[in-house]
Amino acid sequence: MYRKTLGLPPAPQHQTDTTSRQFLRTQASTMLAVDFFHVDCAVTLQRLYCFFLIEVGSRTVHILGVTAHPDGPCGPPNKPGTLLMDLGDRAAGLPVPGP
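First residue of the sequence shown? That's 37 in our numbering, and the numbers climb one at a time after it.
Quick caveat, the hints were computed from the structure, so don't treat them as lab data. Where a beta carbon is used, it is the ideal one built from N, C-alpha and C, also for glycine. Take the hints with a grain of salt, since some may be wrong.
[To be verified] Here are the simulated distance ranges between beta carbons: (1) Ile90 x Thr54: 16 to 24 Å; (2) Gln58 x Ser94: 13 to 21 Å; (3) Ile99 x Lys40: 48 to 56 Å; (4) Met67 x Ile99: 33 to 41 Å; (5) Gly43 x His105: 43 to 51 Å; (6) Thr41 x Ile99: 30 to 38 Å; (7) Arg39 x Val92: 32 to 40 Å; (8) Gln58 x Ile90: 14 to 22 Å; (9) Thr55 x Val75: 32 to 40 Å; (10) Thr41 x Ala104: 33 to 41 Å.
Just need the whole structure built from these sequences, with the hints factored in.
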């Protein structure tokens with residue numbers, strides 16, 4: 037309706053039968069996922085947090101850091117540089133978030 041009031045032609049029809057599985061398969065080479073997992077050490081009784089990244093297309097896992105204090109100086113905000121060093125030349129093909 038908005039396009040009609042501006043005198044614009046209708047939007048082109050898009051394929052609507054794409055499943056989530058099809059979408060993920062076509063986009064996997066450019067997708068990254070990051071998260072934490074924790075390990076409880078039975079010897080020191082300390083919980084360690086591991087910040088990691090997965091390249092979805094290749095299923096490659098990068099350990100970006102391990103810390104007992106995830107909100108401290110070794111937490112996620114300080115890890116983009118580590119990630120870029122780990123990815124090397126492959127970083128050029130990754131999507132860049134917009135403003």
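Quick rundown of the hints versus the structure:
The supplied range of 16 to 24 Å is met by Ile90 and Thr54, whose beta-carbon atoms lie about 23 Å from each other. Taking the beta carbon of each, Gln58 and Ser94 are about 19 Å apart, inside 13 to 21 Å as hinted. Checking the proposed 48 to 56 Å range against Ile99 and Lys40 shows it holds: the Cβ atoms sit about 54 Å from each other. At roughly 19 Å, the beta carbons of Met67 and Ile99 sit outside the given window of 33 to 41 Å.
For the pair Gly43 and His105, the supplied restraint of 43 to 51 Å is violated, since their beta-carbon distance comes to about 59 Å. With their beta carbons about 54 Å apart, Thr41 and Ile99 fall outside the hinted range of 30 to 38 Å. Take Arg39 and Val92: their Cβ atoms lie about 35 Å apart, and the range 32 to 40 Å holds. The beta-carbon spacing between Gln58 and Ile90, approximately 20 Å, falls within the hinted interval of 14 to 22 Å.
Between Thr55 and Val75 the beta carbon distance is about 36 Å. The supplied range of 32 to 40 Å therefore holds. Thr41 and Ala104 have their C-beta atoms about 59 Å apart, which leaves the hinted 33 to 41 Å range violated.
The structure is inconsistent with the numbered hints 4, 5, 6 and 10, although it conforms to all the rest.
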